[in-house]
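J.: As a plain string of letters, each chain reads:
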Amino acid sequence: MDTATVPSRAGADAPEAGTATGLLIIGASQSGVQLAISLRALGYTEHITLLGDEDHRPYQRPALSKEFLQDKVGSESLIFRTNDYWIEHNITLIKGERIESVDSNTDGSGIARGTSGTTYPYQRLALTVGARPRHLEAPGAELDGVVYLRNADDALRLKELAPATTDVVVVGGGFIGLEAASSLAAMGKRVTVLEYGQRLVGRAVGTETSEYFLTEHRKRGLDIRIGARIEQILDDGDRTVGGVRLEDGSELTAQIVLVGIGVIPNTELGEALGLEINNGIVVDAGALASDGTTIVVGDVANMPNPVPGAPAGERIRLESVNNAIEHAKVAAYSLMGRSEEYAGIPWFWSNQADMKLQIAGLSTGFESTVIRRDPDKGKFTVLYYRGGRIIAADAVNAPLDFMAVKQALAAGKSIDPERAADPATMLKSLIA
Amino acid sequence: MPTVHFTDAAGATTTINANTGDSVMETAVRNGVTAIVAECGGSLSCATCHVFVAETDLPSLEPMGEMEDEMLYGTAVDREDNSRLSCQIRLCEDQELHVTTPETQV
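In order, the protein sequence lines correspond to chains P and E. Using the numbering used here, you'd call the opening residue of the first sequence number 126 and step up by one each time. Using the numbering used here, you'd call the opening residue of the second sequence number 21 and step up by one each time.
Derived by calculation from the structure, the hints in this document are not laboratory data. Mixed in with the good hints, there may be bad ones.
[Claimed, not checked] Estimated spans, in silico, between C-beta atoms of each pair:
#: 1; chain 1: P; residue 1: Ala-142; chain 2: E; residue 2: Glu-123; range: 40 to 50 angstroms
#: 2; chain 1: P; residue 1: Thr-231; chain 2: E; residue 2: Asp-89; range: 49 to 59 angstroms
#: 3; chain 1: P; residue 1: Ala-437; chain 2: E; residue 2: Thr-76; range: 48 to 58 angstroms
#: 4; chain 1: P; residue 1: Lys-538; chain 2: E; residue 2: Glu-123; range: 20 to 30 angstroms
#: 5; chain 1: E; residue 1: Thr-76; chain 2: P; residue 2: Ala-142; range: 49 to 59 angstroms
#: 6; chain 1: E; residue 1: Asp-89; chain 2: P; residue 2: Arg-345; range: 40 to 50 angstroms
#: 7; chain 1: P; residue 1: Glu-492; chain 2: E; residue 2: Thr-33; range: 50 to 60 angstroms
#: 8; chain 1: E; residue 1: Ala-29; chain 2: P; residue 2: Glu-141; range: 38 to 48 angstroms
#: 9; chain 1: P; residue 1: Ala-311; chain 2: E; residue 2: Thr-33; range: 33 to 43 angstroms
#: 10; chain 1: E; residue 1: Glu-86; chain 2: P; residue 2: Ser-241; range: 43 to 53 angstroms
Here a beta-carbon is modelled for each residue, glycine too, at the ideal position from N, C-alpha and C.
Use the sequences and the hints to build the structure in full.
T.: The structure is reproduced here in structure tokens:
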């Protein structure tokens, strides 16, 4: 952004000039907020500064592509905590400030400098800086009307463009793309989804789930093109999007091109601090970066795989609300000098039209699947097995299946694959 | 203005003046009632905003939907007849509600 923002403060008073905050959390994100809250719950007494580059109070992102986009919830519903909460818990919020450099000392203290010129001395530093959308590389990608959907301003921009829009092209058939496509279709837009790969949500679910969503979304009226390659975003003559031309020569009309093709972890501050970087900022099991003092949490952190029974030494970077929360708790313990294991089984959700997908566990490395279908009730579940044991499940409109698998995984148990295919049998009764 | 009384598993009560139209979950979370976790932010996906509603207040609530009913089988503390997911309870003007929070949500 080239528009200079003026930082503003909310919550508790900042420390007096020249006095360091106890913990400077860069990134007023789900993980940044949870870190501050968990520290207070654990009895951390130092002042906390929670700093973000957006001009909003800390808010929840999941609804941006769904209820918020469709005006089903207002912006107040997205706010994490009241201002009184921050004041009572001695947490200062800094909005609209981007940290451009950090000078750190070996004891973990240092001074961060914002683009506003303000300096923020700290005793300890936490990076909860998340990730940014991967940008589309195609001629015309810079046109007005090409939008991304990561933060509140993106959603507000989309809502601003929506009334004058009849046709939308969504680039990317992942969670964000399909959620937004479903929302925009519900808002009366003609929506086409372009997926570059050979199936939907290829990075997060198996082929059966991809096929299920392809069929169901098409039934509900979404035009989904698999293996679609964009040649150019078309200019309507006014530096504004008019459509999209594909490599096969076909053209689609669009006033909005919404791009959801993944994210890139924001590792720049970590690099400047000399931290080890490898698909994110590398952290140990206590959320500590390679300098041994900087805490790194959430989407940006490359951590040891926390799933019970995961191969030793395996690393993972998880982009999810659940991970932001659980990882922040681990980090809070770590800052308090305690070593606590990551709690629970990673889980994810995605609501698309009337389909509620819940994923328990990580299906990476699965060897076989069992499918449960109950078309009359719109339920569909895929169970993933490795070495004969269950490792994950994708459950659509089937919360009982989701919760049974989560429970089995948390208890280190499995679910008998021979009997699991019958939708009339409760999975919970098969846990052993 | 609606009012919600949250009583925790140990018996301590916190009273919060809420906004009409907000859910009980939002009211709790925004004001720092830690016994309500609400990981999913109210999208009926996580079952971590479980509450027990006072019997006398139950008739004032809209009946629960099928999804909420199923999700309630996955709560950390077992459901009872007066169990609800607090993200699904919207507060009406001047409504007064008494809920008890379970010992744990996860």
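J.: Now tell me if each hint is right for this structure.
T.: Checked hints:
1. Under the hint 40 to 50 angstroms, the C-beta atoms of Ala-142(P) and Glu-123(E), about 45 angstroms apart, fit the expected range.
2. Between Thr-231(P) and Asp-89(E) the C-beta distance comes to about 56 angstroms, which sits within the given range of 49 to 59 angstroms.
3. Roughly 55 angstroms separates the CB atoms of Ala-437(P) and Thr-76(E), a value that falls within the hinted 48 to 58 angstroms.
4. With their beta carbons about 23 angstroms apart, Lys-538(P) and Glu-123(E) fall inside the hinted range of 20 to 30 angstroms.
5. In this structure the supplied range 49 to 59 angstroms holds for Thr-76(E) paired with Ala-142(P), their Cβ-Cβ distance being about 55 angstroms.
6. The beta-carbon spacing between Asp-89(E) and Arg-345(P), approximately 25 angstroms, falls outside the hinted interval of 40 to 50 angstroms.
7. For the pair Glu-492(P) and Thr-33(E), the beta carbons lie near 52 angstroms from each other, so the given range of 50 to 60 angstroms is met.
8. A hinted range of 38 to 48 angstroms holds for the C-beta pair Ala-29(E) and Glu-141(P), which are about 41 angstroms apart.
9. Take Ala-311(P) and Thr-33(E): their Cβ atoms lie about 41 angstroms apart, and the range 33 to 43 angstroms holds.
10. Restraint check, Glu-86(E) to Ser-241(P): a C-beta distance of roughly 51 angstroms satisfies the suggested window 43 to 53 angstroms.
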